[in-house]
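S.K.: Below, each chain spelled out in residue letters.
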Amino acid sequence: MLLAFEIELRQNMTDGFVLFGILIQPLIVAFMALWMLKGKGPDYAIFVVVGSGMTGLWTTLLFNGGNSITGERWTGTLEPLVASPASLRVVIYGKVLANVLQSLLSMIGSYLLISLIFGYPLTLSRPWLFFISLFVSVVSLVSFGLILASFFILIPDFARMVNTLEFPVYILGGFLFPIALLPGWTTPLSYILTPYWAAVALHGAAQGTLGTWQIVGTWGIMLAFSVVYVLASGRLYRVILRKARTDATLDIVGS
Amino acid sequence: MDAITVNHLNRVFKSTDGIIKRKVKEVVAVEDVSFEIRQGELFGLLGPNGAGKTTSVKMLTTLLIPTGGTATIMGLDVVKDAAKVRPRIGFIFGGERGLYWRLSGLDNLRYFASLYYVDEKVAKKRIPELLEMVGLKGREREKVEGYSRGMRQRLHIARALLHDPEVLFLDEPTMGLDPVGARELRTTVKNMQSANKTILLTTHYMFEADALCQRIAVINKGKIVALDTPEKLKENVQDLTVVEIELYGISQDRIARIKALDFVVDVSVEDRDQRQVLHVHTPKGPEAIPVLVENLNGLRLGRIITREPTLEDAYVRLVGGTEN
Ligand SMILES: Nc1ncnc2c1ncn2[C@@H]1O[C@H](COP(=O)(O)OP(=O)(O)OP(=O)(O)O)[C@@H](O)[C@H]1O
Ligand SMILES: [Mg+2]
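If you're matching them up, the sequences are chains A and B in order. Going by the working numbering, the residue at position 97 of the first sequence is 97; the numbering climbs one at a time, nothing skipped. Going by the working numbering, the residue at position 37 of the second sequence is 292; the numbering climbs one at a time, nothing skipped.
Okay, chain A solo, but in the shape it has when bound (with noise of 0.2 Å):
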């Protein structure tokens, strides 16, 4: 996993493409965030950066993790790793978790410059417990990305498919509003999926709206997820392997 952590992270340094999107394109959003927050009050200005630090982030992981896989597909490579004797799942932990957390430090530094900048503060009010929340969520969005990234090894082209469900878990997740907003009947769908517990956490701890134990509760329910997520993902890579091959979808010739 580790291997393919550190080589899943040396092509993306390689790849100009990819390299806009994890260098230029957060210093970009960073840059706008701030500049609309001139003047407004500190808590929001951290609402807003968590906010938009966490649709990157669910960004990076549907398109960067499923796209090494139809990358993988493309190149031929896909083949091979799928007949080594190393886990699939194993393997693609290491890329998801890559790109997230590549993701996130280049986030992380966007704002801490751009802030530096403008010498516009950024305050955590918890910065333990944000700090711990983030690490937490990043866990259980990289298990959440393992059952995602199936999905890129049946399909093809579900890369398509997968733009429809960029916007839907931004508003779902409580990313940028709360989800108090949105009619009742969505609050169950938010519930279950895990980018909406890490929102919770994370906005909780920068603006200290939440107490440490509902934090920490936040925290019992992501990681209850990940093991969920993962014990799924073992039944789940046999079953959509198994069908790969028989449809012969593990590369790219008569598809």
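Careful: at least some of the hints might be erroneous.
[Said to hold, decoys possible] Below are the PhoX-like pairs computed for lysine-lysine, each with C-alpha atoms no more than 20 Å apart in a straight line: (1) K269(B) with K243(A); (2) K335(B) with K243(A); (3) K539(B) with K489(B).
Simulated from the structure, these hints should not be mistaken for laboratory data. None of these values were measured; they are calculated from a predicted model.
Based on these hints, arrange chain B with the ligands on the given structure of chain A.
M.R.: Chain B with the ligands only, in chain A's frame:
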């Protein structure tokens, strides 16, 4: 014990075309294929484009599930025991795909070594050995995108050998290589066999199969049409003579007319620059020449020779091709 057994293997591909009327098209890529490969044998699977070679190899390497029949590798079923088969086999699919182009050759090997759970100490020793063997020593830190075709092909071989597999599948390993590179690669394959590995090699070059393989299965349109040693395959055409006639611009119905002559067993046409060479298989020998020439009148003819049949002729006859 047989290293590989294949019993009545079948593979059908379904593809849908058309969006409104979903017509399901079925392609039978492999049909009722059976053979056994002994341990340590170098076995050739020879056939024209689309014959089903790659499909067969993919089923044996656990990448495709057969639609019928069974196959075993070292006694393990390729579907039921896929996880146990994988560490014991190595494979390369001809061409340049299947490598990480943005990484160096060395990183590619390191990564695959870890995917095959090769012990790190072992890998440290084996990777340089393999690089040496495939002649990439000194270039291993360069990125694969800067490699030539031949270098990539050789990197593939090194990759396939990382975990020292007992059984190797080489699908058109010399595809796209220049003659010198192809010859070097054949030497490498020979050496692997002397290291007592069981090898299944696919190719559409007759001479390659002849030079390397102990036994050859000729596959055409998904079916095995012959399976024997190269010598025995040649015997099939030993009673015949081949008349080669150089000519310029022959039409399909002329070819058909020649084919219909009662002393002609088979005809194939080979393109050589602007000329074509007609290969006529006949038991009649040189005596056939006058009649053939008569049937070709009006065409500009070049050299005419008669010769002994080769394995290539046996092959061409088996797959019945006027296409080269
Ligand atoms: N994934 C697929 N979907 C549909 N049809 C396929 C698929 N893969 C192969 N085929 C078809 O199966 C047949 C056999 O193909 P295969 O690739 O096994 O031939 P081959 O002997 O390897 O040929 P070549 O010498 O060109 O490599 C062909 O008709 C091909 O079009
Ligand atoms: Mg092929």
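S.K.: Each hint needs a verdict: does it hold in this structure or not?
M.R.: Each hint, compared with the structure:
{"no.": "1", "hint": "K269(B) with K243(A)", "verdict": "holds (14 Å)"}
{"no.": "2", "hint": "K335(B) with K243(A)", "verdict": "holds (14 Å)"}
{"no.": "3", "hint": "K539(B) with K489(B)", "verdict": "holds (18 Å)"}
In the structure shown, no violation is registered for any of the earlier numbered hints.
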